[in-house]
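K.L.:
Next come the chains, spelled out residue by residue.
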Amino acid sequence: MDAEQKTWETENLPKPLGVWVKRLDKLRSPDVLAPLAVGLLVLLIWDLGVRISGIPPYLLPGPILVLQTLVRDWGTLFPALLITLQITLTAFIAAAVSGLLIAILFTQSKWIERSFFPYAVILQTTPIVAIAPLIIIWLKNNTFAALVVCAWIVALFPIISNTTLGLNSIDHNLSNLFQLYRASRWQTLLYLRLPAAMPYFLGGLRISGGLALIGAVVAEFVAGTGGARSGLAYQILMASYNLQIPRMFAALLMTTGLGVAIFALLTALSDFLLKNWHESAVKREN
Amino acid sequence: MDAEQKTWETENLPKPLGVWVKRLDKLRSPDVLAPLAVGLLVLLIWDLGVRISGIPPYLLPGPILVLQTLVRDWGTLFPALLITLQITLTAFIAAAVSGLLIAILFTQSKWIERSFFPYAVILQTTPIVAIAPLIIIWLKNNTFAALVVCAWIVALFPIISNTTLGLNSIDHNLSNLFQLYRASRWQTLLYLRLPAAMPYFLGGLRISGGLALIGAVVAEFVAGTGGARSGLAYQILMASYNLQIPRMFAALLMTTGLGVAIFALLTALSDFLLKNWHESAVKREN
Amino acid sequence: NGNPTATNSSPSPNGSLDRVTYGTNWYAQAEHGGFYQAVATGIYRDHGLDVTIRMGGPQVNGTQLLMGGAVDFFMGYGSDALKAIQENIPKVTVAAIFQKDPQVLIAHPDVGVSSLEDLRGKPILVSAAANTTYWPFLQAEFGFTDDQKRPYNFNLGPFLADKGVAQQGYLSSEPYKIQKEAGFEPVVILLADQGYTPYSTTIETRQEVVANNPDLVQRFVDASIKGWYSYLDNPEPGNQLIKQDNPEMTDDVLANGLAKLKEYGIVLSGEAQSQGIGAMTDERWQSFFDIMAQAGVLPQNLDYRQAYTLQFVNKGVDYYKS
Amino acid sequence: MSLERPAITLTHVRKAYANGTVALQDMSLTIQESQFVSLVGPSGCGKSTVLRLMAGLGTLSSGSIEWGEHQSQRQLAFVFQDAALMPWATVLDNVLLPLKLAGQPRSKALPTVREALHLVGLDRFAQSYPRELSGGMKMRASIARALVTQPSVLLMDEPFGALDEITRSKLNGDVLELWSQKQWTVVFVTHNIYEAVYLSNRVIVMAARPGRVVADIAIDAPYPRTEEFRTSALYNEYCREVQDRLSEAMEVKQSTPVYSQVSPRPSI
Amino acid sequence: MSLERPAITLTHVRKAYANGTVALQDMSLTIQESQFVSLVGPSGCGKSTVLRLMAGLGTLSSGSIEWGEHQSQRQLAFVFQDAALMPWATVLDNVLLPLKLAGQPRSKALPTVREALHLVGLDRFAQSYPRELSGGMKMRASIARALVTQPSVLLMDEPFGALDEITRSKLNGDVLELWSQKQWTVVFVTHNIYEAVYLSNRVIVMAARPGRVVADIAIDAPYPRTEEFRTSALYNEYCREVQDRLSEAMEVKQSTPVYSQVSPRPSI
Ligand SMILES: Nc1ncnc2c1ncn2[C@@H]1O[C@H](COP(=O)(O)OP(=O)(O)OP(=O)(O)O)[C@@H](O)[C@H]1O
Ligand SMILES: Nc1ncnc2c1ncn2[C@@H]1O[C@H](COP(=O)(O)OP(=O)(O)OP(=O)(O)O)[C@@H](O)[C@H]1O
Ligand SMILES: [Mg+2]
Ligand SMILES: [Mg+2]
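Protein sequences appear in the order of chains A, B, C, D and E. My numbering numbers the first residue of the first sequence as 105 and each following residue consecutively. My numbering numbers the first residue of the second sequence as 105 and each following residue consecutively. My numbering numbers the first residue of the third sequence as 99 and each following residue consecutively. My numbering numbers the first residue of the fourth sequence as 258 and each following residue consecutively. My numbering numbers the first residue of the fifth sequence as 258 and each following residue consecutively.
For reference, chain A alone in the conformation it holds in the complex:
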C-alpha cells in the first residue's frame, strides 16, 4: 500500500477537516459574492430606472414591489414552484439519460448518426404547441406525463448534439490504444468515449437544464393545467391576465431563480467531475 502514498513529500494538511472548512468558506468566496454584488447593482439600477422614468408598475414594477409581492404571495407561489420543479427535474433527468443513450447510439456507426440525426433536429424544431394535442391524446389524460414529455422534447437536443460531438472527439492516440488492446465496443465506450465526452456532455446538461425549465413552463401553457396542481406557468399567466404584473414578475423571478440554481448545481457538478483533468476545471499552477 506504500506505493499509493506520497506522504513524505506531501505537505501535511488535516484533510477531512480542511475539506469541510473549505466548503463552508466557499459560500463566502468570490464565486458566490461576485454575482450577488452584481445582482444588487442590477436591482439598484432597475429600481432607480423605474423611479426616474416613472414607468407604471403594470408595465415594469420596481424590484422592491416585486420582492414584497414575492414575500406576500409566497404561500401560493412556492407550491407552484415545487410542481414546476418536479416537472423540470423529471424531464431533465429523462433528457439527460435518453440524450446520452441516443448519442451513444449515434456514435456506434456513422450510418446511424447520418440517418437519424436529422430526426433529432425535427424533434427540436417542432413547435410544442402544434403537437401538444397529440401528446395529450396519446397519453390519455395523464397531464403530468404530457407536461414531462413536452419539457423533455425541449431539453433533449442539446444533450444529444453536444454528447455526440464529445463522443466523436476522442484523442486519436487513445483510440488507437484501445483498438490495439482489442477493447470491445462496450469497453471503448465505457473507458474511453464516455470519459472523453464528459466535458461536452456536461456542457450539454448546462444548456438543457434551463431548457427543461422553460420547457416545463411552455408545456403548461400548451397542455393547460390549473387549479391546485398547477405550476408557475399558470401563476404567470393568471397574474398577467389579471394585470397583477408585480406578481407576474415575482413568479418570473422564481422561475429564473430556479434556472440559476439548476445552472449553478450543474456547474458545480461539472467542476467536481472534471477537476482532476480537464482544462476547463483544473487549476493549473504554471
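Hints listed in this document are in silico derivations from the structure and should not be mistaken for laboratory results. C-beta: ideal position from N, C-alpha, C; glycine also. There's no promise every hint is true.
[Unchecked claim] Below are the DSBU-like pairs computed for lysine-lysine, each with C-alpha atoms no more than 35 Å apart in a straight line:
1) B/Lys244 with C/Lys220
2) E/Lys439 with E/Lys357
3) A/Lys214 with D/Lys357
4) C/Lys341 with C/Lys278
5) D/Lys357 with A/Lys387
6) C/Lys413 with C/Lys360
7) B/Lys214 with E/Lys357
8) A/Lys379 with E/Lys439
9) C/Lys278 with C/Lys261
10) B/Lys379 with D/Lys357
11) B/Lys387 with A/Lys379
12) C/Lys275 with B/Lys244
13) A/Lys379 with B/Lys379
14) C/Lys413 with C/Lys341
15) A/Lys244 with C/Lys341
16) A/Lys387 with E/Lys357
17) D/Lys357 with A/Lys379
18) B/Lys387 with E/Lys357
19) A/Lys387 with B/Lys379
20) A/Lys387 with B/Lys387
21) B/Lys387 with D/Lys357
22) A/Lys387 with B/Lys214
23) E/Lys365 with B/Lys379
24) A/Lys379 with B/Lys214
25) A/Lys214 with B/Lys387
26) E/Lys439 with B/Lys379
27) B/Lys244 with A/Lys214
28) C/Lys413 with B/Lys244
29) B/Lys244 with C/Lys360
30) D/Lys365 with A/Lys379
[To be verified] Not close to chain D: a few residues of chain E, all C-beta gaps over 10 Å, as computed:
31) Gly320
32) Lys357
33) Ala475
[As the list claims (entries may be wrong)] Away from chain D, derived, C-beta distances all over 10 Å, residues of chain E:
34) Leu286
35) Gly392
36) Trp436
37) Ala490
38) Ser504
Starting from the structure of chain A, add chains B, C, D and E with the ligands where the hints point.
P.N.:
Frame of chain A, contents of chains B, C, D and E with the ligands only:
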C-alpha cells in the same frame, strides 16, 4: 516558393476537376442517401400506421395528404417560410455574434464570468410569453425587430455556454507558449482561444440554429400580427384555428425541413472548418 | 375507462354513472358557471352522469382534444363549428349557452372613440385567433385593415401604456380589470350588437356520439342547461368549484362576470327567453353563416347545417325549470 | 536463440497518406519469433508508420502484413512514441487498462500493476494524474502499461528517448532480461545507435521519403550481453556500420551536409 | 567568452505543487550572460520545472528569480519538452507565431521562417498540419519556432531527444554556431551527457525529489569545439565526472540498483 510544395511526393490528382466531381458526388453519398432512406421508411410507417389505425386526418393526417396539401398551398406557405427564414437568420446571426462576444467577455476574467453568467441563465429561463409585451412596447411598432429579439433570446444561451466552455478549455502548454511570447490579450484571443474554442462554438451554433428557428416561431405566436408579412407560425396557428390539420402539418413540415437544412449547413460548415485538425472532423488514417 | 361512445347506455338501472369529460375553452370563470354549478349541485349526477370539467388555456386546441377522445363534450364557438364542416371534421353543436358572443373591443375614454367606425385606421391589439373569427368581419363590414393589428397576449400593459390603441376583450373580463387596476372606465363595444352574431360557449360533441348515444347527449345538454338556470339564480355552489379549479379567481371578478352576463343578456336573450337556455335556430345559424361567407372566411356553398342539430334544445323554459 | 519461425512478415508494403506523403515504399521484411529487432532511421522516415501498421492500426496502400501462426496481434503490446495516457485516469488506472480490457478483475490485476510501476520507478505516483507527471515519468507510465500484459510481441516506439541515461540503462537491462526470460519478439525503434546494437539480434536501417529498408545488419553476439561485449571491437564495428549506413541513407535524400564529426565511439 | 554578468539568478527557490509534490527545494543558481548551461538529472527531478519558472511560467513557493539588467524575459525563446504546436495551424503558421505576436508583418517574417524551417529540414512540410508530422518532425518545428525570434536567452527542454543521431548532431552544430555568433544565453536540458559536455560551458547536475543542484561542473574547453576535443582525455574526464555525479545523485534517492555497465565512452 519551392518549400511550400510537396509535389514530388504527392500522388498526382487533377485538383480542380477532382474537387468538383467530388462535390457533385457528395449528393449521392451515404451522407445524403442514408437519412433519405430512413426518411422514406418513416414516411411509409407513418402512412401505414395512419391507414391501419384509421386515425382521421384531422387528428393525424397521412404523409401523402400532407404532401398534397403542401403542394397545393405552396403559394401561401412558401412566402411565409421566407419570412420565418428571414427572422431566423437575423436572430441566429445576432445570437452567434453576440454570444461569441459575451463568451469572450466572460473569459476575460473569472470575475466577469462569475458575475454575469447567472444573468445569461436568467435570459434563457425567462418565458418569452411573459416578456413579449415589454419587448413590443419597447420596440414600438417594429414587429420584425420584436420577433427577432424574441428569437435571439431563445437562441443566445447555448452559444454563450458552449463558447465559454471552449474558450476555457485551451491546451495548457499552448497557453504557456503564448504567455511566454508576451502575447497580448487580444492576440491570445485571436490566435489561441478562438481557434481552440471553435469546435465548441460550432457545437453551440448547431444547437442554436434550431433554437433560433423555434424562437422565431414562438415569437410569432406571441408577438406576430398576421397579415401579409406573416411567417410560418401564423400559418400554423391559423391552420390550427381553422382546423385545417393537414395544412398545419404541411407548415410544420416546412419548419422542420428548414431546421434540418440549417443543421445540415452548420454541420457542413463545422466539418469544413475543422477538417484539418479537430478529431471530430478529421479523417484519420490510422 | 367509461368512454360513453362505446356503449349505448341510458341512465343505468343499477345507478352507475356514465363518466363524461367536458372541456372548457379557458381557465374556470363565471362564463363557465352553469357547468360548474351542475357539478356542484349534483344536477349531472341526477341525470346519471359523472362529469369531469377539464379546463382549457391560451394554447389548448380543444377541437383536437374532442376529436381525439380526450374530452367528450367541448365548449365550442359558432364560427369554429362552421369551419369544422368545411374541413370535414365530424363534430356537431348540440346547444348554445351564449346567445351573444361576449367579444368586445375596448378603447380609452376621452380619445373620441365611441363606435367601430371611429376605430378605423387605429392600432388595435388583437389575438391571433381573431384572424379566424371577428377580424374578417370587421374588415368586410367596417373597413378595418391588417396593418392596424398589433399582437395581444392577454396582457393589458401595452394598452394601458398607449392611449392611442384599442384592444379586444371579453365583456366580463378586461373592462373590469381595467377599471380595477387602472382606475378608469374604458369604452366598450360589444361586437354582438354590431352585427357579429355567432353563438358561443356552445356544447359540441362528435357526430358519432349523437348518432350512437343520443340519450347521453340529451342528458348532458339538459343537465347543463339546468345548471345554468341554477347558476343565474344562485351562483355560490358553482363559484366554489370555479375557485377550486382556478385559485386565482376572486369573488369580485366572478360577481362582475355574472353581472355582465345578465346585463347584456348574454345567456338569456332572444329565443332563449322562450325556448330556454341553449336555444338555437336555423335562421340564426344561417345569418351568421352568411356574414362569414360574405367576409370570405367560408365558402358560399358550404352545407352549414351539418354544424349543428336542434334535436337536443328548444324544449321551452318550463321543461328545464320543472 | 531464434527458431527461425516468422513472427511478422511484411511484403511489398506501401503506405501513402491521404495528403500524398508516401511514408513507406515497397518495404519487405520478415521478423522471426523471439527476435529483438531494432529500427533506426532519420526522423520522419516511417518507423512509427511501420510499427503502427504491424499492430494493425491503419490500412496499407498496397502489399500485405502477415503474422506467424504462433503469433497473433492479440498478444501484442505497444509503447507509443507519445505516452498516450488517459488524462482522466490515475497512473495506476492507466497502467491497469490493458488488464481491465482483457477482463481481469481489479484485485487480481493490482499486484501485476504495482510490479510494473515499481519496475519503472513510479511506485509513489500511482495515484497521480498524468498532468502531474514530468515528461519522462509519463513515458515510464506508458512503458509500464505495455509490460503488464504478458505480450508475445512487443512493439516499442522510442520508449526511452525521454529518459536520463541511468534510468534508461536500467530499463534497457530490465527489458533485455524480460525478453530472454519470456521469449518475446521485440521490435524496437530508437535513435540511439549504441542502444540498438547493444540490445538487438538485428538492426534495420531505414531511409526517408519514401521510407524503405536500406540495411539489415545481424548482430551476432551472444546473450546475456556483458560489459565485455560493450567494450569489444566487434561492438564498435557494428556501431560504426550502423552509423555509416545511416549516414549514407541520409546523404542520399537530404542535401544539407551532415556533420561529419559524429563520433564513432559507442555508448549506451 | 562570458563577461560574468548575471543573466538569471535563482535564490533559494522552492516549488511545491498543489498536490504536495515538492519539485524544487532551496535551489540557488546564477547563470551568466552568454553562458551555455546544460541541466542534467534523473527523470522527474525538476528540470522542466526550473526552466518554466525561469521563463516566468508558474509561481514560486518561496525564493526569488531575478533577471539581469541586460536581459529580459521579453527576448526569451523556449523549446518545450513536448512540441506544443497549434493543431489548427500549418507548420509554417506555427513557426511564424512568435513573429506574429511580436507584431511583424507576415511578408517580412516569411523569409526568417523559411530559413528556420530549412535549418531543421522541414522546408517541404511548411504547409502540413502537425498531425501529419512524425514525432521528431514536430519537435523540429518547435525548435524552428524558438529560433525565429532573435532571442537573447534560449531555454530548451530536451529539444533533440526525439531526433536521430545525425539530425541531432547537425542541430547541435547549428545551435552552437548560432550561439557563438549571437551571444545567446542558453539553458539546455538534456539526458545525453555527451551532448551536455560537448555543448556547454557548464553542466549542472540535479537530484530528484526534492529537486536540487548536486553538482556544478565548469567545462573549461575553448570554442569552437572540434573533433579533437571530442576525442580528448579531458572530454572523457568531464563525461565521466558528470556521469558519476548523476549516479551518485540517483543512488541517494532511488533504492533500485543502477546498472553499473554504463559505458564511460563519449558520443554525441
Ligand atoms: N497522419 C499522417 N498524415 C500524413 N502524413 C503523415 C501522417 N503521419 C505521418 N506522416 C508522414 O509520414 C512520414 C513518416 O512518419 P513516421 O511518423 O512514420 O516517421 P518516424 O520514422 O516515426 O519519424 P520520427 O523518428 O520523427 O518519429 C513523415 O514524413 C510524416 O510526415
Ligand atoms: N502540474 C504538476 N502538478 C503536480 N506535480 C507536478 C506537476 N508538474 C510536475 N510535477 C512533479 O514535479 C516533479 C518534477 O517535474 P519536472 O517536469 O520538472 O521533471 P523533469 O526533471 O523535467 O523530468 P523529465 O526529465 O522526466 O522531463 C515530478 O515529480 C513531477 O511529478
Ligand atoms: Mg516516430
Ligand atoms: Mg521535463
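K.L.:
If you test the structure against every hint from before, which numbers come out violated?
P.N.:
8, 26, 27, 28, 29, 35, 38
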